[in-house]
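Chain by chain, the residues run as shown.
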Amino acid sequence: MDFDDTPDEAAFRAEAVSWLEKNAELKKPGEKTAGGLERDDPDTIAAAKAWQARKADAGWACITWPKEYGGRGGTSIQNVIWGQEEGRYAVPPNMFMIGLGMAGPTLMAHATPEQQKRWLPKMIRGEEIWCQLFSEPAAGSDLANLRTSAVRDGDDWIVNGQKIWTSGAHYCDWGIVVTRTDPAVRKHAGLTYFVVDMKSPGVACRPIKQISGGANFNEVFFNDARIPDTQRISEVGNGWAVAITTLMNERSSIGGGGVGGGVGFRDLLDLASSVELDGRPAIEDGAIQEKMADYYVRQKGLQFTSNRALTALSRGETPGPGGSIGKLVAAKMRQEMAALAMELQGEVGGLLDTQLTADEAGWQQAYLWAPGMRIAGGTDEIMRNIIAERVLRLPPEPRIDKEVAFREIPTG
Amino acid sequence: MNFDFSEEQKLLQKASRDFLEANCTLARVREIFESDLPYDEALWKGAAEMGWQGAALPESVGGAGFGYLELALVAEEVGRAIAAIPFAPSVYLATEALLLADDAAINARYLPGLASGDCIGTFALAERVGQSGGSNVETALSRGKLTGRKVAVPYGDVADIAVVVAKQQGKVVPVLVELTGAGIKRHAVESFDPAVSQATIEFEAAPAKRLGKLAEGQGLIEDVRDRAAILLAFEQLGSAQRCLDIGIEFARQRYAFGRPIASFQAIKHKLADMFTAVELARSNCYYGAWALSTNSEELPVAACLARISASEAFQFCAEENLQIHGGVGFTWEYDCHLFLRRAMLQGSMLGTARDWKRALIRRLATSSVE
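For the record, the sequence lines run as chains A and B. Every position in the first sequence, counted from 1, becomes a number in the working numbering once 53 is added. Every position in the second sequence, counted from 1, becomes a number in the working numbering once 4 is added.
Hints were generated in silico from the structure; no laboratory data involved. Predicted model, so just to flag it, every value in this text is computed and none were measured. Glycine is no exception: its CB is placed at the ideal position from the N, C-alpha and C atoms. Hints should not be assumed to be uniformly reliable.
[What the hints assert, rightly or not] Cβ-to-Cβ under 8 Å is the rule here; a few derived chain A residues that face chain B:
| # | residue |
| --- | --- |
| 1 | S367 |
| 2 | G375 |
| 3 | R437 |
| 4 | I440 |
Just need the whole structure built from these sequences, with the hints factored in.
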């Protein structure tokens, strides 16, 4: 048992580092990589595209994709090693996650060779950016309840409805969208999956302002938008199976288990050491120590759970079920840590002023982000259902919406 | 990345589980639990034949010559079976204390017996209600004689030797005592988990020998506690996993309102939370095993992580498993309380989760562990 690379992994890592050294600058101490959510100005997009193309030319753009699609034909553990090493360099944000991590694998599994040829090469070179159009105002946890309709009209489909929580919709070229093509059959049977040109007439985006003040997501409205039938993925009515492929890839790209950018455990430890509680450093208070220990135990537990999953990948096995706990534990922990950090700041905790607060109001921001983390990609409750039903194999809850026509399902 | 046990180690674990499933059913644990027998003597002998007591000891003293990774996996299985044997006090505590003190004469005399199971060791820490082991130790060593009184000594009624936390010239030190010798009065007391016997031991000028150097006693005791905490955490991990498994099994079979209670989200979410606690504990325990097997500088922090998460996971899973059972869980006849009792007893040994949490934050302040 150790944390080391195998000889093959070490050789791969050395090769990656050797290329990165020649093509990028190391980050300065404390420098963080901006997420694609945080920066979307034209210059950043241009830089991100240029970096992606450079990686593609050298075979680093998509480690696990087959060579025939422009990938490296590498292993999952190589992909992780690449991510670790690239993360040490000051490179543009990755705006291609939805495409490379979700749309691409879905197209590889379900699209025709012509469709794959049309989209995958430009996706991998970053020439075209992709977004995801799944959730709707009435279809979140219950995704199959979606009601955006697609009606056949000659060689096209006419689409009407509303999608929500789409990141990057305003600058993306293509979207993957699930629609309802038959409301007269069971809810899961009446769905069809398409690729939509985000610049086509009848597709409109509007940013959603979040409680954190930022607007990182969009609502997307379809008003008689036309999608050619050549952009349908898989058969009419098979949309749910295709969507599941996409979602399985989403979960595998989320499951990391870290606490996210910005402030972290060490910052909280420093804060607790620098503020007073009853006339002595707060970190000497037993109650504070116990809370801090709780966070550290969970954070390290997730880190080692992730190491166990990487070990399975390294051994060419499928990771065990442990990874499914990552987001559930991390999001709640993040909320608790941020709340304690605000509490430790006393009255100043109630400010959002970057000068007066600790860590430039990073904890207040983290607190406002945390509820979203507990919802995105599956709410805490849905995550528990997933653990219970898919990992522990417990029987599903009886449902009244599964065997009836979609239009007969009560909507409240 | 190679952060898991090897195939050979997993085979050893499988063999350990098979052996315990054949020789240590819950019915067998209950026999010890409900009788006056202090421990499962047949199982202890069987374990010795499997080489468990000496798993981490070199072959030169009769050990099996495996290592701490193997011992950790055996501990997990002992915990899974909630076996009624003095494995923790004898193997993780007494044996480890002797190994760390590294006194050639003492080791030559006692390690072969500890390895073969012929000698049972224990660790005597508590003297009264409240936190133990600090400045309030009163048991004293003077001119090779030990005087004082220890309570809640695990298997203290049957152990042959004890490592006793005592004071000498104002310093806290570990002391080795033969419990079958002169100046010892001991009697079993009622244990919260009757499958784990416990005793009060009075020392009246009992012949005794300090382990290690006078100035290093406190550090030695801390090292023993850290190392034992990791191995005990593996027992707790195994027990927690068993509670989860039993809870799942019961929830699948028990019907209410026309369907298995496992199909209700209230029960599912309980079981999902138990699974989450077990997985976090498992990952932290593996880190502890790695630290133990490599004698890493990170061991003091790793011990805290393993111990805190395993103590909490076991208590949580034992409590919730009983609640999932409903009324029958509260009956003597069902086994839920065997786990509940073991969880609370083990949670109190070597310092509670609360103690370890405070220690963790103190240790982090002076550690480079990220």
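Hint numbers not upheld by this structure, sorted from lowest to highest: Hints that this structure does not satisfy do not exist here, as all of them hold.
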